[in-house]
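Join these two chains into a complex; the hints should help.
Same order as they appear, the protein sequences are chains R and H.
Under my numbering, the first residue of the first sequence is numbered 597, with each subsequent residue one higher.
Under my numbering, the first residue of the second sequence is numbered 8, with each subsequent residue one higher.
Read the hints as simulated data drawn from the structure, not as lab findings.
As the structure is a computational prediction, the values presented were derived from the model and not from experiment.
Treat the hints with care, as some may be off.
What the simulated footprint calls covered on chain H by chain R, stretch by stretch (three residues with Cβ under 8 Å from a Cβ of chain R suffice, anywhere in the stretch; the number is not a length) [said to hold, decoys possible]:
no., segment
1, 24–30
2, 58–70
3, 93–106
4, 141–150
One-sided excerpt, in silico: chain H residues whose CB lies under 7 Å from chain R [claimed, not checked]:
no., residue
5, Glu111
6, Met114
7, Lys127
Glycine is no exception: its CB is placed at the ideal position from the N, C-alpha and C atoms.
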Amino acid sequence: MRLEHIVFHNLRRRKGRAIFLVIGLMIGVATVVTLLSLTDALSMHAQHELENFGANIIVTPRSEQLNLNYGGVQLGGVNLVPHEIEQVSLVNIDSIPNRRNVATIGPKVLGTVEMQGQRVMMMGVDPVAEFKLKRWWSIAGRPVEQGAELLVGDALVKRFGLAIGDTLQINGQDFTVVGLLAKTGSQDDQLLISPLSTAQSVLGKEGKISMVEIAALCHDCPVNDMVNQLQQVLPETDVQAVQQVVKTRMHALDQFRLFAWGVAVTVVIIGALLVFVTMMGAISERTREIGIFRAIGYRRRHVLHLVLMEAAIVSVLAGVMGYLAGVLATLAALPLLDGGKAVWHLNPALAVAAVAAALVVGLVAALQPALRASRLEPSEALRAL
Amino acid sequence: MKLINLQEVTKRYVTGADCVTALDKLTLSVKEGTFLGVMGPSGSGKSTLLSVLGALTRPTSGTVTIDDIDVYGLATEKQADFRREYLGFIFQSHNLIPYLSALENVMLPLAVSKFSSAEKRRRASAMLARVGLPDRMLHLPQQLSGGEQERVAIARALVNNPPLLLADEPTGSLDTATSRQVMELLAELHRSGQTIVMVTHNRDNLEWFDRTVYLRDGLVEKDTGKSDCSLSQAM
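Just chain H, same shape as in the assembly (with noise of 0.2 Å):
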């Protein structure tokens, strides 16, 4: 079942007298349970392509739809419940609140949900669990080493179970040991049934990936999974 579909998706940004176009006529679609890698060059598309799949940016043209909801039809704030609901980030930089605790860093997109107190703590408990740090619990994220801020930041991103991980850069700030650990955390994600989508500068990581896609100037370069989806670039 596909979980993602763009369709001619395309982004331009314009700054002053200057256009690029970041993503031009892009159409992927991605099906449920995969692991796909984004690669390319700096300016590629890979960023933008992220940011639109997480319903971050708009796109200039074309459709978005995941599990079949077209995200940009949808109003504002619903775009925030849907980010909430359906999708888990990862940032670059793990992107953790540094005056919170490991555990009220997962707890984070639970505080607005209509969970108790206790369910809350829970649940964020079992993920931080899940991802082995169960004992750094009440550490605050500079007491923690970048692999376990980026493990928080993967529960954090897990917390609501959402049907689609998106992973930028997860393992640019880490060495080569502690972004294998990462990336096999990931992987045990992905085998049971998580659908990723990562983007990376790392060739390293290929190997965990079921699926790349390679962008250069907004356009898709190279798909290693055209038999398992569709994808097709319009000129």
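For reference, chain R alone in the conformation it holds in the complex (with noise of 0.2 Å):
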């Protein structure tokens, strides 16, 4: 027989107790595992859709003068372009270290054409990655895939009466509306927007790029580093990045898991005083037995020993059964949360962490009782002598 038999015997007595303090500390570990897992499901969808929301990083041709340019309206002075970014040097993005966090890569050439006796500005595109930037967009048809297709923004249908299916002429060349853009607000409405090789085809612009929208985000790749490598692989050109958008998803996300913490520390401290409680009343109840202990010669380690080993069963399997039931209670919530488009992806750290942290938490709480039944005098402990 040994200390921790002694330990098992009075758990299985007192069943009642263990399993209620198993259940206290098993819906607060539960309780913040939940809270951690939807936290991190929701995080890395909003990140994942963020990430392809608009882009963060502008790059565009290196400019010796100042853009007297502010929200479309020109203020005056010279806002020339002296050259265009070559095409083939957008593989240099490919070569940066945080490759992997470059979600979306938008090239563009813009440049003006004449259409119906009108100037009017063009933009090519590279459909897929542009359609994914600006999710906002709605679009009546559909977008433009290749050849001579146009997208025509809310401006210039309103002024020269496009509807779907309708050819235009071109700089001599024929285009048909696929699709109309519907009012966005900013300067895409003044647009006809065509694939990018034959936007830089009517533009004489081959091989041209007139700038370059990035999409980047995540946890551990901040955006300005990423523009320094992006700067140093495209030398000839500006890198710049948008502030305001990389602050206010980060801010919307540290919130998230602000305030996902601030649960958890609230449970934890709940599942603190749950174990403190319960084991001062324990050791109150077994204050004679305790007696008997040190009364036969069991050394104050001894019976520290015993009390914690109690806590420290009770605190692993409460944080066991209650890391499962937080995965149970995850996988039940997500379908709910955020149209079911949330995925739960297991995590062997948090897992770890939630034992751990019932152990902690278990033990902490129970160490000032221990320490109060280990200084238990066994002539007060034992009335009968």
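Below, the structure written as structure tokens:
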């Protein structure tokens, strides 16, 4: 027989209290695991969505002059673009250390064309990348895919009375309107949008790119680092981070995480109090028993060992059960949140952390009751003597 | 050879404004192999004497030596070791652990020893057999009669082969027949050389003791064994 034997027998005898303690701690652990798992899954999903939702890095040709344009309003001055970006140079983006964090690269070529006697702006885009970057675009018809297809901005649709299926002659080439872009309130309303290679050909800018929009965001890749990396591989350009977008995204994710941790800490404190109160009660209940142990020669540390081991067994059991319950709760809750798009991923670190946290909370909360038990004077504990 | 030596031991309890002297400069020596009975009315200091002898209650003054060891000169944890190695306790109400079987209760003092599990079990089984309970080993205390519980308590007190057995009213809650059986068992242990100090109210037990000390108000009122040992009352 060893001390562990006494602990197991005591737990078995006082099943009710042990079960109450396990369930109490288990609910705490399950709540924390559920919150953190949900936060994790939703954050990953939100991050994935955000990464593809608008660009946060803009690459433009290097200009020697300041841009005197704000919100589309020209304030005078010269705003000439000295040269375009060579399209071939974009492959250098693949060589930056944080390449895996680049979600979307949207190259564009811009220029003016003549349509029905008026000069309008044409933008050539990589259709797949552009429609990923502009998730907010609402299109009647379909996006452009290839060849002489046009997506027409709302202002141009109204000015020229255009409809899907219309044929337009631009710089002597026939284009078919395949989509109408709903009003965006931005400069996009003034654009004729066509596939990149088509626009390059029409504008006489084969192999040239006017600007590149890049979507990139993740936990461990500060955008400023990526800007520096891009600047190094694209030396003839100006690379700018759209700080507002970056900070807003990070703030939203941080707030979400902060809330989850706040609730988690509260639950952990409640769990610790539960263990503390229950163990204090148990010690009072077992005063006489502890007196017997001390009288027959158990050292203080043996009594400490008995109480802490009991707390450890209950805590580990609650940690394991709480983790499993938390995972089940997460699996049950995820389909109800975020349109069921977020997915649970096994996180071994969370499993280990849940059990370890339950153990630490249990032991810390039981320490004071255990010390109190170990300091009981045997003569006081044993009224019989 | 003297096993127990108390020198001018005083124990006072302070409760609020009240100060109660439970032992008053008691000097007492007990030879090895003695079966000492301690008698006296309630509040006479019997239980305090047993508690002081058991390294459970530090006296206010005086020295207690057992087997030439100054018990209260030992550090707290060493006192625990001393209790385990030198003393066996038989409590008034058995004080068995209710969720452990008779065998496990007897093994309790061995749980913190370095013996192997098999050796612990062998020793506890042998001790239960010695007190006449070879077939009740796996029973829980509530499944045993009062006399059987007392026997388990005696087996637990003896499993470490302690030089000194301290018993506090071991027959206090037993009927006459069972009390006699328990006293016969203690007498048998005494005959085999065990030193026993037993506190009792029951005058029927006097016949079993080879020496009896009567206490009153923390003082020795009478000692039947002055010829065998030294006893003095420092006033």
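For each hint, the structure was consulted:
| no. | hint | verdict |
| --- | --- | --- |
| 1 | 24–30 | violated (count 0) |
| 2 | 58–70 | holds (count 4) |
| 3 | 93–106 | holds (count 9) |
| 4 | 141–150 | violated (count 0) |
| 5 | Glu111 | 6 Å, holds |
| 6 | Met114 | 4 Å, holds |
| 7 | Lys127 | 6 Å, holds |
When the structure is compared with the earlier hints, violations turn up for hints 1 and 4 and for no others.
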